[in-house]
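Assemble the whole structure, with the sequences as input and the hints as a guide.
Number of protein chains: 2
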Amino acid sequence: MGAKQVTVVFQPSGRRGQIEKGKSVLEAAQELGVALESVCGGKHVCGKCRVRIEESFYARDGLSSSRDHLSPFSAEEKKFISPQEQESGYRLACVAQLKGDVLVYLPEESRGKQQVIRKEIRDIPFHLNPAVKAYFTELPSPTLEEPMGDFERLTRKLNEKFGLEGLTIDYPTLKNLPHKVREGNWQVTTLIWMDREILEVLPGRVENYYGLAVDIGTTTVALYLCNLKNGQVEAADSMMNPQVRYGEDVMSRITFAMQNPQDGLKRMQEAIIEGLNQLIHSVAQTAGITPQEIFALTVVGNTAMHHIFLGITPLYLGVSPFSPAIHHSIDVKARELGLHLHPAANVHVLPIEAGFVGADNVGVLISETPYEKEEMTLLIDVGTNGELVLGNKKRLLSCSCATGPALEGAHLQFGMRAAPGAIERVRIDPQTLKVRFKVIGLEKWSDACAPEEIQASGICGSGIIEAMAEMYKAGVLEKSGRFKGGLDSPRLRKGEKGNEFILAKKEETAIGREITISLADVRAVQMAKGALYAGAKVMMNILGIKRVEKVVLAGAFGSMIDRERALVLGMFPDCGLENVFSVGNAAGDGARLALLDREKRKEADWISRRIEYIELTTVTTFMDEFVKAMVFPD
Amino acid sequence: MGAKQVTVVFQPSGRRGQIEKGKSVLEAAQELGVALESVCGGKHVCGKCRVRIEESFYARDGLSSSRDHLSPFSAEEKKFISPQEQESGYRLACVAQLKGDVLVYLPEESRGKQQVIRKEIRDIPFHLNPAVKAYFTELPSPTLEEPMGDFERLTRKLNEKFGLEGLTIDYPTLKNLPHKVREGNWQVTTLIWMDREILEVLPGRVENYYGLAVDIGTTTVALYLCNLKNGQVEAADSMMNPQVRYGEDVMSRITFAMQNPQDGLKRMQEAIIEGLNQLIHSVAQTAGITPQEIFALTVVGNTAMHHIFLGITPLYLGVSPFSPAIHHSIDVKARELGLHLHPAANVHVLPIEAGFVGADNVGVLISETPYEKEEMTLLIDVGTNGELVLGNKKRLLSCSCATGPALEGAHLQFGMRAAPGAIERVRIDPQTLKVRFKVIGLEKWSDACAPEEIQASGICGSGIIEAMAEMYKAGVLEKSGRFKGGLDSPRLRKGEKGNEFILAKKEETAIGREITISLADVRAVQMAKGALYAGAKVMMNILGIKRVEKVVLAGAFGSMIDRERALVLGMFPDCGLENVFSVGNAAGDGARLALLDREKRKEADWISRRIEYIELTTVTTFMDEFVKAMVFPD
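Line order of the protein sequences matches chains Y and F. Just so you know, we're using the numbering used here here: the first sequence kicks off at 1 and counts up by one. Just so you know, we're using the numbering used here here: the second sequence kicks off at 1001 and counts up by one.
Hint data in this document are derived by calculation from the structure and do not stem from the laboratory. Among the hints, erroneous ones may be present.
With a straight-line Cα cutoff of 25 Å, these simulated PhoX-like cross-link-like pairs (lysine-lysine) come out [what the hints assert, rightly or not]: (1) Y:K266 <-> F:K1333; (2) F:K1048 <-> Y:K180; (3) Y:K157 <-> F:K1602; (4) Y:K333 <-> F:K1444; (5) Y:K48 <-> Y:K21; (6) F:K1444 <-> F:K1484; (7) F:K1023 <-> F:K1048.
These numbers come from a predicted model, not from an experiment.
If you want it as structure tokens, here you go:
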């Protein structure tokens, strides 16, 4: 087998598997249950199954040259793919045959119907006080008696009219100042950052100007375009983090940087900058503006994403004692980063708390503001790591739990991201062990569909939680996580790697075989939830409390998880279902708040220094708590 | 004639003239008295007469493509000129024949012996307190218990040890911080700008670090490399301002920018930046350091040089009301300007006073500090314009007089810069009208040499002043400036353009004909000195004083001028010879002071705003004073 099979990874779903050499990319998609448009059914005539092959990606033996791992570009493909697109790696999935490992990206137009999930934009209350503001002034024109320089003429008027003092001006903007003030016949709009630096001087009266909030996740990058005049979101978009080709999780990207000291970091930074530039272009187009009208950008992301975005080596984040290059928030000119917005725009990167608790967590904090409240709140943000915050206005602790990727659906036997085709809800009848489930992209539950309608292709994070909770309630799993012996059911079988529970039957799936949950999968989730619970427990002990009053689940995972079943599994300390809240992309909300209200930036700097980071590996009781937390609660 | 003659300009001497087409560049040099090495005497065999032809230059009909105006590059030249040099415009002067106007630059090695004049470096008293300082620290290395970020670790220690607060860090420097602190095993030297911004962090203990002071003149650029640890000048160099190819004076460069809106400014800025980079490379080599060890640079220059250096359009400096883009001093990152020193270095450009009174004059001010003194001082800085400052600690006025280029020796019939071969001293016997003179580059006076030793090639600014003063004293010139009628002397003759005085006989010159002073030359100098005198007078009237107590002459012209003869001519109000001082390149000294002492920067900002600029064209009495000042004093 081995050498006859190659690894194929599909993005943005993250679905991966071993496929026989010689098969087409379209066949691989079908085997792995990835919904790819194919109107002609693989006859090479409709041109709908266009995919983009990433240049290279990080596979078994290090970086693999992905594009060379397919049959050569053929004449048939030329009909549907321009030379420029060919250059960017476009292929027809039905034509291109597998010769080695490949990373395949499905452009939106090639994804099966109903395959696009957009993050919802939460209405968040804010006080509008953006870092950049616009000021309109009419200046007296210079005369021989009063020939004062353009800059002084402008700043004197800004002082008289708005009380602004000690203004400086971005150097490239200064270069164009003489033309701009004259073009506007001495009537100009001045864009000023933090009442301190003139970013731009525009002829005439300019009413609208914009800012961006960006959440750089390890997997997904989300971006919001806001009108800074009123705070409204004008457009939003998201994409897969293009760094995925260099490693799917934080540690593999740090490894990539380490193994490619020459240019590994540079390539990853360029990938995210280029990706952001595409997103910026796209949201600007949606809103009908030019990127030049965007004068501010705020960024949140975990510590590694933060470092790579800034081009700072992430090496030391990956080795003990995991110290970052900088905690403070920083402001960098868009042009220094190569971002295509107004070149004078200051990119504000929110502060980091500690090695593993990054600017994304700070975003959650300033969005949820536990430091303003009396109630003892536990904030849980689950990604590849689980970041926990516990406390109230008196004291706030944070820690990072190595949950592993199981809760994101990754590295499970049939794991996948929360993408169409993923099983996200599960119910098991305790009597009959009959299973019904719901897949993303389909309104109805499986028992309300004909089997061939369902087309399940894997299990996402919330699906595995529900499945395990139901299996536990139904007695399939013991308190320890082991499969109960002696149960006789067609749903249970002995697989290659031990016991398995059949969640979806062959005819219900898109992959031509059953979707199952193995003991290894159960163990991976137990580890993850045990780490989360133990982390929370350690912090409760430090604060001397027996019970939390409120649990807030942040992140995409938090929005999809079934709170009741999470409590059944013991993912976090019980506090009554009515006190568990899900707040969606709170990190992104934090970025938006920092964009719209400069005071939120101060708040972020303040709280990131005030919060006490607990390094769990140095807490002697952590392992005890962890072992205890592995089992399911009574 | 006309079309058979072409204009040839030699730099750095500025010598120009009409030469017959078909002659070689070497012949042109000989006709114009430009000392060019030629060991073989034009036989095409020694290769010593290498010159660089500027790509293009500003001639009669606008921009002229200079390199095409010579006979094609020949096989003979290939022996002495590499393909790369050919690309840069190198030719053999004895081979290349004139077909059109050309601008010829003489590399130092091709100039005749003793042809290099270096500006002397004045010892100036200073208080060492540079904008950039180095701080050595040993940091505790991070641990799991104390994993604080590198930046915070460093700044905390800098605070503990040196009391530095609120430090920021240059973004590209931050990118390398994690490597640098570890490379130095947590012992590092931090270079900090104005106790505010970290420019660099270097492993281990670094003792020496450097700064540059630059004086960008319209014609000459001077540069001083100082060790910021002790303030010593480690190396100094100067060059012709490479923008000379785009226009010899300020107005022609402004015109060039105006007539080439696409790239005229850009080309002039690139020329000065590229020239500075060459100078920086050369002084760094002399001092045995790398440009990366240079962390600060201060710049003075007149308003047009200031604007062009910064890439700001000079257009509005050339039209009424002559308002600049900015008066304030500014700090720009070296990398934003493309200067090759440490990329984080902040380039400090000193402030401007008014449209025509630039940062060079501010340099003179902070060097001479008339604002600290009781005596009523008149500061005169003569370049293409004459900048005057009058006042004392109570009040200070400045103005700019349109002196024209005569005082720099330009645009006179036989005018040239103060370069070897120029007549700089003149004595005329009132009885016999016998003339003796001294040329630059020769120790002896003309009457102590054999005629063929002298090789005079023109008259420089100080030479014309002396000649005119002597002619006036000898009764050759009347009080009004006219040639006295009825004088019978072989020194006097009627030329094409009226009366002429023969200063050097044919056999005493290198140009094969007499060097003379015409009535037009006399009138040009009268205009210049009249403007200076009238400017001073207007300011004296405003201050209500009858007499100045001290006259300070700044600039190269000021160092060479004979003070007594300047008084004879009435260049400035009389105050007794013992109260007239010459201070050399005080503008450059000011740049050096601002480099070595940050308080001098504050002083510059303060005085540039406090000084009152008098726009002479708006002063009703100016024309009266000007007409009166044209005549010579009794």
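Numbers of unmet hints, in rising order: Structure breaks hints 2, 4 and 6.
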